[in-house]
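S.K.: Here's the letter readout for the chains.
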Amino acid sequence: MRPLLHCAFCIIWLNVALAKTTVIDDGGTLPYNASLALRWQQPSPRSPDANRMVGTLTLRVRLNVSPWLRRSGRIYLALPAQQPGTLSARWSTQGRLLAGQVSAGGRALVYAGPLTTPFIEDTVQLTLDVDGRRMQQAYQVNFRFEMDEE
Amino acid sequence: MLRPAFLALLAAFSAPLAAFTVNIAAGTPRMVFLQVGLGSFNGLYDNGGTPLNNTTINKVSVTVPAAAVGNGTAQAMTTDSAQAHSFWDNYVFCNPPQELYIGGFYRATNNGTGTVLVSATVPTALVDGAGDTLSFGKVSWTSRGNGDGNIAQPFPAGTFNAGTVQTIGTIGQNQWAESCWTFSYKNDSVTAAGTYTGRVLYTLTAP
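Those protein sequence lines, which keep their order, are chains A and B. The end of the first sequence is residue 150 by our numbering, with every number in the run present. The end of the second sequence is residue 207 by our numbering, with every number in the run present.
Just to be clear, a hint being listed does not mean it is correct.
Residues from chain A that face chain B, not an exhaustive set, calculated with beta carbons under 8 Å [what the hints assert, rightly or not]:
#1 S35
#2 W40
#3 N51
#4 V54
#5 Q125
#6 L128
#7 Q136
Here are some, though not all, of the chain A residues that point toward chain B, as calculated from beta-carbon distances under 8 Å [claimed, not checked]:
#8 T29
#9 N33
#10 M53
#11 G55
#12 V102
#13 G132
#14 Y139
#15 F143
Derived Cβ-Cβ restraints for the label pairs, each shown as a range [said to hold, decoys possible]:
#16 A:Q137 with B:I151: 32 to 40 Å
#17 B:G27 with A:A99: 23 to 31 Å
#18 B:R30 with A:S92: 25 to 33 Å
#19 B:N23 with A:S92: 16 to 24 Å
#20 B:L44 with A:T117: 40 to 48 Å
Hints in this document: simulated from the structure, not taken from any laboratory. Computed from a prediction, not measured in an experiment: that's the story for all the values here. Ideal placement from N, C-alpha and C gives every residue a C-beta, glycine not left out.
Model the full structure from these sequences, guided by the hints.
M.R.: In structure tokens form, the structure reads like this:
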């Protein structure tokens, strides 16, 4: 029994080591601290979406991936769980990054492959979708780009 | 053997973290809109349109043939409003001149399932030039909408309560509500010949 347990531990340890996640410096993104006025989504008389508010803004994303230059990695856009709660984001890109969507508490893949330049840049159309019944005050929504090294 | 790896991971997460933020706020947290008869809209609401003010006061009327006055047969009334389309999505919801459009919406960011009331301030009577009167209680309406089938209407059928402020419908929070009304005159009494007029004021009240 002992050898089997030992091997199982090794496998787990290897997985942990491979799943190293690092937050990417996106300090070159503009606007970096954007303001967004949300509007009501379609007010269907009998629609479950009647309480949703949405807003879209354009971001010039600039990710500093120089620490991983000439290596391969997977980049995710993460939306940590935060107020106002039921929050989601979807985005389109110019092609350098992948389009996608994410709900609060999750993350979505935006890049996978070799990193051949110190910076990855793209223009992103980001749309936020929230429950309007929670919008009695303003909120700061935090995002982060994460690197999973391969 | 574990300790160096653990320290390396810790260092990766404890470095200064850059992450962009978006400050969100409700652009229009509270909105109300009420339209009775002809209205105006900048575009359509489901495409980002916004309400415009329309000061038109529409008329609903009927001319009772002399031979039919007071015979107890209700007389269908028609409106001078040509509003057939809903400003929500441009759907042809009402059939004027038989039907009068009534609709609106109520938007609020509070966490509730509240509704707002729409009321009618009803004069005691319609009056002609000679001072003769007809009770507003002789005017009733039915309610429907194209494509609605038999579902309950937000502005249901009713009869005016003369000289009162009566609730004539509700609008749920964050919903668009609309109905089409067909009015009729009860025609159950003989009155002096004349043109009887009166004005009902419709009000949407939100907290």
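S.K.: Could you run down the list of hints and mark each one as holding or not?
M.R.: We went through each hint and held it up to the structure:
{"no.": "1", "hint": "S35", "in the structure": "holds (5 Å)"}
{"no.": "2", "hint": "W40", "in the structure": "holds (6 Å)"}
{"no.": "3", "hint": "N51", "in the structure": "holds (5 Å)"}
{"no.": "4", "hint": "V54", "in the structure": "violated (10 Å)"}
{"no.": "5", "hint": "Q125", "in the structure": "violated (13 Å)"}
{"no.": "6", "hint": "L128", "in the structure": "holds (6 Å)"}
{"no.": "7", "hint": "Q136", "in the structure": "holds (5 Å)"}
{"no.": "8", "hint": "T29", "in the structure": "holds (5 Å)"}
{"no.": "9", "hint": "N33", "in the structure": "holds (5 Å)"}
{"no.": "10", "hint": "M53", "in the structure": "holds (6 Å)"}
{"no.": "11", "hint": "G55", "in the structure": "holds (7 Å)"}
{"no.": "12", "hint": "V102", "in the structure": "violated (13 Å)"}
{"no.": "13", "hint": "G132", "in the structure": "holds (5 Å)"}
{"no.": "14", "hint": "Y139", "in the structure": "holds (5 Å)"}
{"no.": "15", "hint": "F143", "in the structure": "holds (6 Å)"}
{"no.": "16", "hint": "A:Q137 with B:I151: 32 to 40 Å", "in the structure": "holds (36 Å)"}
{"no.": "17", "hint": "B:G27 with A:A99: 23 to 31 Å", "in the structure": "holds (25 Å)"}
{"no.": "18", "hint": "B:R30 with A:S92: 25 to 33 Å", "in the structure": "holds (31 Å)"}
{"no.": "19", "hint": "B:N23 with A:S92: 16 to 24 Å", "in the structure": "holds (21 Å)"}
{"no.": "20", "hint": "B:L44 with A:T117: 40 to 48 Å", "in the structure": "holds (45 Å)"}
Checked against the numbered hints above, the structure violates hints 4, 5 and 12; every other hint is satisfied.
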